[in-house]
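These protein sequences, in sequence, are chains A and B.
The first sequence begins at 1455 in the numbering used here and counts up one residue at a time.
The second sequence begins at 3 in the numbering used here and counts up one residue at a time.
If you're looking for bench data, these hints aren't it; they were derived computationally from the structure.
Some hints here could point you the wrong way.
[Unchecked claim] So the derived list for chain B, only partly shown, Cβ under 8 angstroms to chain A, looks like this:
no., residue
1, 58
2, 59
3, 65
4, 69
5, 106
6, 120
7, 123
8, 131
9, 241
10, 248
[Stated by the list, open to error] Pair ranges (Cβ atoms, derived):
no., chain 1, residue 1, chain 2, residue 2, range
11, B, 27, A, 1613, 51 to 61 angstroms
12, A, 1672, B, 18, 18 to 28 angstroms
13, B, 278, A, 1649, 22 to 32 angstroms
14, B, 9, A, 1651, 55 to 65 angstroms
15, A, 1568, B, 9, 48 to 58 angstroms
16, B, 62, A, 1546, 37 to 47 angstroms
17, B, 252, A, 1720, 26 to 36 angstroms
Source: prediction; values computed, not measured.
Think of the CB as a built atom: it goes at the ideal place given N, C-alpha and C, for glycine as much as any other residue.
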Amino acid sequence: MSTQQLLAVPAPLPAGGSARGGLRRADVIWGVAFVAPYVAIFLAFVVHPFAYALWLAREPALYAELLTDPLYLPTLVNTLLFVGLGVNVKMFLALLLSGFFLQRRWWIRALLAIFVLPWLIAAAQACVSFHWMLIDQRGLVDGLLAELFGIDGPLWLNDRSLAVGANTVAYVWKWLPFWTVIFLAARMTIPRDIYDAASIDGATGVRRFVHVTFPLLANLYLVCTLLSTLWTLGDFTTVYLVSAGAPAGHSHVLATLGYRYAFETGRPSLGVAAVMSVVPILIPMAIVLMRRFHASEARV
Amino acid sequence: MSVARRPRNRVRRMLIEAGSALLGLALLIWSLLPLYNMLLIALDPEEGEVEFAGNLWTPEPSLQSFVEVVTQDTRYLENFWQQFGNSLVIGLATTVLTLAIGSLASFAVSHLRLAKGPLLTDTALLSYAIPGSFLIVPYYRIVHAYGLADSLLGVVAAQVTFAVPFAVLILQLYARLIPSELDDAARVDGASPVQIYLRVYLPVMIPALAVVAVYALLLAWNDYLYQSVLLLPDNATFAMTQGNLFADTDAEWNAMMAAGIIYVLPPIVLLLTLRRHVAASLAMVSAGV
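Chain A with its partners taken away, still in its complex shape (with noise of 0.2 angstroms):
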């Protein structure tokens, strides 16, 4: 049965008054039922995981020692300017190429395609081919540069701030379709009325975008930095595989850094307050995406 046939089903009259009104025994136990492995999941690997964090880093002497570890104070701009940066810069190039690949042409369509593959492709190995293109200067990166320019490029690596710039264009690349096909699709539901209501009053262009497709978009361009924000916090593969840290800890970003003091360097609880030390920004920022997330529920 397809959507349309299953939509055109004429709405009974409730049997009873049953249907809307109080639940019955049999659909609260089914309910239970069927709610159980969700809450389950949630209790044994959210709930247990994120109690047992906060007690391996109960000691305020952790956080004492972190401030004055000379990597923690450089690992909190870099992943500030990591996560800042690169899921910012991300967003709105994902909001601006969705307008392009809006367009509904045979060549931008195949163009489509063939962009999605970073998404396609497992962080691992798309890392690890970063890595190797910009590694000391025998990579395809420095290559070009030498082919094309003339210029001998830098070893990338080897600068705090070129290795984190790496990092970001590596996170980008890697994840740029994916918020741009959401964006894509959220185009895709404008009506075009809107537009050529617009267009009699003079809106095309810069302005069009600025007072019709952006308005329009705005809370589900929100919701989606909100929850990229905290995904990203949470990127692990991209720091660890593209500049690994180098030179010498200095592009750490937090998630990896707490990896290091745990699994490197023996200090699991150093490790864990490493990362949990900035749980209190993380907290407000999924209060706002609730309610972000509930001001378009209240809309339908």
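Since chain A is already given, all that's left is putting chain B on it; use the hints.
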């Protein structure tokens, strides 16, 4: 007046055309460069000629390294197919469990009205408040305590934990667009909740479930941290092998890159199969946010 304006419009249109073409070319190079790099190294039969020489094209391209990977005839990749199988098992198990757990919870809330919808989406968003990789240390110990050490199931559990909240968000957004009169009608006919779930809910939700399936498989496919921390080398995935060796210039990188290219195939097949559903439901869902 309109005669005077026409040439200017034509110039403008040509500029826009040229800009589009230029942007298209830039996007093509941007998207393909790291993949081209993989291909370049993979096609090099003599390991070391490309990746250390800054060459822009392989001097003597050959498919030899692909053959070596497929026949498992190269160092570090003796168990390539077992590792590929492990990745596939993790990916498919994550996908199936995410679909089942997410859809059951979403059905219970939106159709059996067990709890208020916001409660479910709030717990989902709350699970994203702490990024997954932040919990790797406690998770590592908990998995040992649960007896899932060095088991694919421990990795699957982690991936399902991260994928299910997204599934719940997408399914709840999509379910809002479906009139609840549908299952009221089925209920009048005397159908049980299980029958409504299987015969009404799941068929209607197929487009949203397709999005969830692609998301869950790619999440598991992209994972490196949980696999490398939770699994031992004898139970490895290819991502682990590659990640562990990535600074090792002596490893056979042509074969590694060839294996990486083979690894792109399963997600491509899945997305191609489901692309119509994915496009349709992403449009509906994003219109709801």
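Taking the hints in turn, this is what the structure says about them:
Checking residue 58(B) against chain A: minimum C-beta separation of about 6 angstroms stays under 8 angstroms; hint holds. Because the beta carbon of residue 59(B) sits about 10 angstroms from the nearest beta carbon in chain A, more than 8 angstroms, this interface hint is broken. Here the hint on residue 65(B) is broken, as its CB sits about 19 angstroms from the closest CB of chain A, past 8 angstroms. Look at residue 69(B): its Cβ only gets to about 19 angstroms from chain A, farther than 8 angstroms, so that hint breaks.
A distance limit of 8 angstroms between C-beta atoms decides the matter here; for residue 106(B) the minimum to chain A is near 4 angstroms, and the interface restraint holds. Interface restraint check: residue 120(B) against chain A, minimum CB-CB distance 6 angstroms, threshold 8 angstroms, status holds. Interface restraint check for residue 123(B): the shortest CB-CB distance to chain A comes to about 6 angstroms, inside 8 angstroms, so the restraint holds. Checking residue 131(B) against chain A by beta carbon gives a least distance of about 4 angstroms; that is within 8 angstroms, so the hint holds.
Restraint check, residue 241(B) versus chain A: the minimum CB separation of about 4 angstroms is within 8 angstroms; hint holds. Because the smallest distance between the Cβ of residue 248(B) and any Cβ of chain A comes to about 5 angstroms, under 8 angstroms, the interface hint for this residue holds. The hinted range of 51 to 61 angstroms is not satisfied by residue 27(B) and residue 1613(A), whose Cβ atoms lie roughly 30 angstroms apart. Separated by about 26 angstroms at the C-beta atoms, residue 1672(A) and residue 18(B) satisfy the suggested range of 18 to 28 angstroms.
Against the hinted window of 22 to 32 angstroms, the Cβ-Cβ separation of residue 278(B) and residue 1649(A) comes to about 25 angstroms, which satisfies the hint. Take residue 9(B) and residue 1651(A): their Cβ atoms lie about 29 angstroms apart, and the range 55 to 65 angstroms is violated. Hint check: residue 1568(A) to residue 9(B), Cβ distance near 36 angstroms, so the stated range 48 to 58 angstroms is violated. Remark: the range hint 37 to 47 angstroms for residue 62(B) to residue 1546(A) is upheld by a beta-carbon distance near 43 angstroms.
Between residue 252(B) and residue 1720(A) the beta carbons are some 28 angstroms apart, a value that agrees with the proposed interval 26 to 36 angstroms.
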